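Sequences listed follow chains A and B, in order. Here numbering that gives the first Met the number 0 is used: the first residue of the first sequence is 0, the next is one more, and so on. Here numbering that gives the first Met the number 0 is used: the first residue of the second sequence is 0, the next is one more, and so on.
Since no wrong hints were added, every one of them can be taken at face value.
Intra- or inter-copy, both count: the list cannot distinguish identical chains.
20 Å max Cα-Cα, derived SDA-like pairs, lysine to any residue: (1) 75 <-> 10; (2) 134 <-> 11; (3) 75 <-> 85; (4) 134 <-> 85; (5) 75 <-> 89; (6) 75 <-> 88; (7) 75 <-> 90; (8) 134 <-> 84; (9) 180 <-> 254; (10) 75 <-> 86; (11) 134 <-> 86.
The hints are simulated quantities; they were obtained by calculation from the structure and are not laboratory data. Source: prediction; values computed, not measured.
Protein chains: 2
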Amino acid sequence: MTAETAKDDWPLEDRGVAYGDGLFETVLVRDGRPLLWEQHLARLARGCGVLGIPLPAREALEAPLVEAGEGLSVLKLILTRGSGGRGYALPIPSDPQLRWRLSPFAPSAQRWRQGVRVRHCRLRLGIQPMLAGLKHLNRLENVLARAEWTDADTAEGLLCDSEGRLVEATCMNLVWQRDGKLETPRLDRCGVAGTLRSVLLERAPIHEVDAFPSALDGVEALWLGNSLQGLWPVARLDDAAGTPIRHWTIGPAHRRLQALAHAALGYPPVT
Amino acid sequence: MTAETAKDDWPLEDRGVAYGDGLFETVLVRDGRPLLWEQHLARLARGCGVLGIPLPAREALEAPLVEAGEGLSVLKLILTRGSGGRGYALPIPSDPQLRWRLSPFAPSAQRWRQGVRVRHCRLRLGIQPMLAGLKHLNRLENVLARAEWTDADTAEGLLCDSEGRLVEATCMNLVWQRDGKLETPRLDRCGVAGTLRSVLLERAPIHEVDAFPSALDGVEALWLGNSLQGLWPVARLDDAAGTPIRHWTIGPAHRRLQALAHAALGYPPVT
Numbered sequence: 000m001t002a003e004t005a006k007d008d009w010p011l012e013d014r015g016v017a018y019g020d021g022l023f024e025t026v027l028v029r030d031g032r033p034l035l036w037e038q039h040l041a042r043l044a045r046g047c048g049v050l051g052i053p054l055p056a057r058e059a060l061e062a063p064l065v066e067a068g069e070g071l072s073v074l075k076l077i078l079t080r081g082s083g084g085r086g087y088a089l090p091i092p093s094d095p096q097l098r099w100r101l102s103p104f105a106p107s108a109q110r111w112r113q114g115v116r117v118r119h120c121r122l123r124l125g126i127q128p129m130l131a132g133l134k135h136l137n138r139l140e141n142v143l144a145r146a147e148w149t150d151a152d153t154a155e156g157l158l159c160d161s162e163g164r165l166v167e168a169t170c171m172n173l174v175w176q177r178d179g180k181l182e183t184p185r186l187d188r189c190g191v192a193g194t195l196r197s198v199l200l201e202r203a204p205i206h207e208v209d210a211f212p213s214a215l216d217g218v219e220a221l222w223l224g225n226s227l228q229g230l231w232p233v234a235r236l237d238d239a240a241g242t243p244i245r246h247w248t249i250g251p252a253h254r255r256l257q258a259l260a261h262a263a264l265g266y267p268p269v270t
Numbered sequence: 000m001t002a003e004t005a006k007d008d009w010p011l012e013d014r015g016v017a018y019g020d021g022l023f024e025t026v027l028v029r030d031g032r033p034l035l036w037e038q039h040l041a042r043l044a045r046g047c048g049v050l051g052i053p054l055p056a057r058e059a060l061e062a063p064l065v066e067a068g069e070g071l072s073v074l075k076l077i078l079t080r081g082s083g084g085r086g087y088a089l090p091i092p093s094d095p096q097l098r099w100r101l102s103p104f105a106p107s108a109q110r111w112r113q114g115v116r117v118r119h120c121r122l123r124l125g126i127q128p129m130l131a132g133l134k135h136l137n138r139l140e141n142v143l144a145r146a147e148w149t150d151a152d153t154a155e156g157l158l159c160d161s162e163g164r165l166v167e168a169t170c171m172n173l174v175w176q177r178d179g180k181l182e183t184p185r186l187d188r189c190g191v192a193g194t195l196r197s198v199l200l201e202r203a204p205i206h207e208v209d210a211f212p213s214a215l216d217g218v219e220a221l222w223l224g225n226s227l228q229g230l231w232p233v234a235r236l237d238d239a240a241g242t243p244i245r246h247w248t249i250g251p252a253h254r255r256l257q258a259l260a261h262a263a264l265g266y267p268p269v270t
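Sequences and hints are given; from them, build the entire structure.
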């Protein structure tokens with residue numbers, strides 16, 4: 000019942016590959032210390048609760064950190080339900096499997112400074128409240144959305160749900176400022192509730208809203224962020240065909256929220 | 000670029016486990032011959048086209064069959080995009096990985112004869128037309144739906160989409176007869192288009208319809224089926240709390256469609 004911590008391969012019949020039956024976290028690590036660690040643990044625990052997968056002991060989740068050297072790295076943790084069960088039925092008891100990998104990492108300081116170009120994606124996310132917010136292993140929608148562009152100048156793609164509401168980007172959350180107020184899409188129907196988003200919601204007056212893409216017409220600033228890259232100001236928004244539909248000049252308003260995010264991640268403020 | 004055929008483990012970083020980035024097929028095999036093989040190959044090819052995964056050569060997909068002995072077995076094929084890519088972005092070129100397992104199999108003749116008890120599930124399937132019909136590896140919805148009951152008397156659970164339309168059961172398709180006409184849910188928004196369903200659509204006058212659960216109130220017969228189990232008549236339908244809401248007496252109308260399905264699978268007719 001305790002998750003096996005290992006770096007080796009996945010068993011042939013692991014339900015992680017058979018059904019995407021599991022969860023993952025990608026964690027920024029500086030000099031062996033994980034950033035936003037409580038937020039990552041909280042999301043993983045919530046996912047384990049929803050899926051009914053026993054949560055590994057904190058010690059098992061932290062064990063890989065001893066192998067992280069100086070500087071920045073990314074710890075990717077994957078937790079699956081393990082093998083067993085008849086078809087979709089759950090194995091009882093389950094034998095969860097934990098695997099991890101540490102990789103060197105460097106964020107894009109140029110994107111912090113200059114901002115990024117993003118586009119709307121054609122794909123719309125299915126609505127599944129039971130899985131909303133979780134970082135689970137069923138990510139084909141993200142894969143298909145990310146395949147909508149190949150040019151290196153486009154940094155991210157914005158995703159709406161099947162009813163047309165803005166949700167997130169393919170691997171980042173959204174925040175915007177409208178009439179001086181900060182807003183981010185509610186994630187109770189679909190999307191991944193990022194750990195950087197959680198921290199920003201705690202530390203800044205950001206309102207969770209239902210919003211359609213037209214809401215972006217009037218915003219003073221738009222950001223994308225996650226716990227690895229920090230916060231990117233958006234300088235240009237394209238439609239799904241790659242035609243520009245909005246430009247923003249990166250200014251002091253952008254830098255204020257960015258500074259808050261970067262403080263949480265130990266990144267420098269951008270001036 | 001050719002898929003590696005093997006029975007060993009999955010590489011640690013395979014996108015099959017990271018994202019559920021792949022497809023599978025479960026094939027009934029009799030005396031080394033796969034049943035509904037052209038339908039399985041066609042669905043796999045369609046999935047490869049949608050996901051942009053190179054389709055393995057037919058010879059690679061058929062290679063495991065030489066290990067099947069006499070009698071009935073199930074061949075499970077899993078094809079993933081392999082490792083690589085930056086995050087969700089596709090690796091170019093991709094290095095697809097094919098794994099398989101043969102297992103002995105016996106269908107439930109008692110369920111053929113007596114029919115089954117099924118229930119409505121609470122979970123509703125997200126609407127994702129891009130993935131509809133495919134047997135892809137993102138199956139957490141099926142896992143969660145199957146976890147809604149644990150009693151052995153309940154054979155399957157019926158699933159609706161997020162807008163309330165009937166779609167399928169957790170691992171089977173639905174057919175019913177109403178006013179003498181055969182109907183099955185359209186699968187252009189979500190659900191898996193089963194190979195037995197494909198064969199029945201070719202060989203019987205079955206209409207693909209949009210239908211809500213209330214449509215079942217007036218049907219003369221309801222069946223669940225897939226290419227392993229054949230066709231089960233439904234004798235009792237429960238609500239999501241397990242309370243019976245409909246009973247059917249299994250009769251000649253049930254047996255006619257069942258005989259057609261069983262002929263396609265080499266199963267005996269049921270009298």
